[in-house]
Amino acid sequence: MRPENFIFLRSLMRQHAGVLLEEGKEYLVLARLGPLARRESWGSVDELISHLRSRPNGELRRQVAEAMVTTETSFFRDVHPFQTLKDVIFPDLIERRAGSRTLRIWSAACAAGQEAYSVAMLLKEHFGDLPGWHVRIVASDVSSAMIERAKLGSYSQLEINRGVPSHLLTRHFERDGLQWRVNEDIRQMVDFRQINLATPFPPLPEMDIIFARNVLIYFDENTRREVLRRLAGNLRKDGYLFVGGAETMIAYSDLFYRLQIDRTSCYRPRR
Amino acid sequence: MRVLVIDDSRAMRSILSKIMSEIGFDVVAAAHGREGLERLREDDGIGLVLVDWNLPEMNGYEFVQAVRADPAYDDVRLIMVSTETERERVLKALDAGVDEYVMKPFTRATIVEKLAFLGLADG
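These protein sequences, in sequence, are chains S and L. Counted from 1, the first sequence has number 173 at position 173 by our numbering; the numbering is strictly sequential. Counted from 1, the second sequence has number 79 at position 79 by our numbering; the numbering is strictly sequential.
Chain S on its own, in the form it takes in the complex (with noise of 0.2 Å):
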């Protein structure tokens, strides 16, 4: 692609998404918007990164960013994580919030809502219905019209062939067409939101868990510190903060201090 294009492509991210985009990165800004172009009936990338330069358009910006900060991700994404979910922090937080009785957990990126819903699954199979406790999950994401995918809950075979064990599929899902789609009781659980995480959160209630994971990569250095600031306020003390497998968090010791459990690490805030 056309480097002034690139640049400005940088810029805008920058600006509007709080996002970096590093030097040579023009495959996946190819990737990312190929199918975009090919939507709106662009020649190219070029030709679409060069009519928003020409004559700016909040709708095609946003259509742009968007695109640009979308993930794959799959149901259970990584097993660890899950695994330690289960078997050491939901039956710590349920002992430690037998008083209050309430359980809040925080997808923070949460793309087509295939995390917060395997959250709901493997709480809904392992801990029941809790009755008498108010557990919410809340599911955010910086993209619209992933908030109304994500709301659906209806998903392609391939999505559902990654990463749902099969005893689940039949317990928590439905065909739909061609589509299955995630049981009413499930979706239930959880409250989708648009939040940028670039800029100041909305006022949310203190997590119990928050999953930042695998987008934390997507943030500029001063940026990833603010987000990492906001989340550790809205973190209780003994809460449970989860970035991806790949990410480290060595530079932000002053915010957070690690916590290995078996194969996984979380992170707790420094008060």
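Think of the hints as simulated: they come from the structure by calculation, not from any bench. For clarity, every value in this text was computed on a predicted model and none was experimentally measured. C-beta atoms are modelled at their ideal positions from N, C-alpha and C, and glycine is treated no differently. There is no bait here: all hints are sound.
Cβ pair distances, simulated, as ranges: (1) ASP26(L) with LYS25(S): 36 to 46 Å; (2) LEU158(S) with ALA72(L): 28 to 38 Å; (3) GLN15(S) with SER21(L): 43 to 53 Å.
Fit chain L to the given chain S structure using the hints.
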């Protein structure tokens, strides 16, 4: 561990065999359920079977029933790999005793994840 791949399509046997040997399994293959049962009887190193549903001679569902009826194979893990994608089919296979169900088409990542659920690969 050795894995037995049962599929009547030579192409599918070859795809699955390649994936499984790349993951680190020894692979033996069979073209239908009856041949699969013979392989299983003569080779007690087989710990996992990937079996298609629609097969000549003995189909995959009958194969699963036969294996689960014999306590000698209690430790053998069974994964159904099938073009049958109705919820009722998946349920029926699970009731018969399969450990996991993969719907065709699938990717290598699908197989790895299913194996990880069974503790047979690193997710």
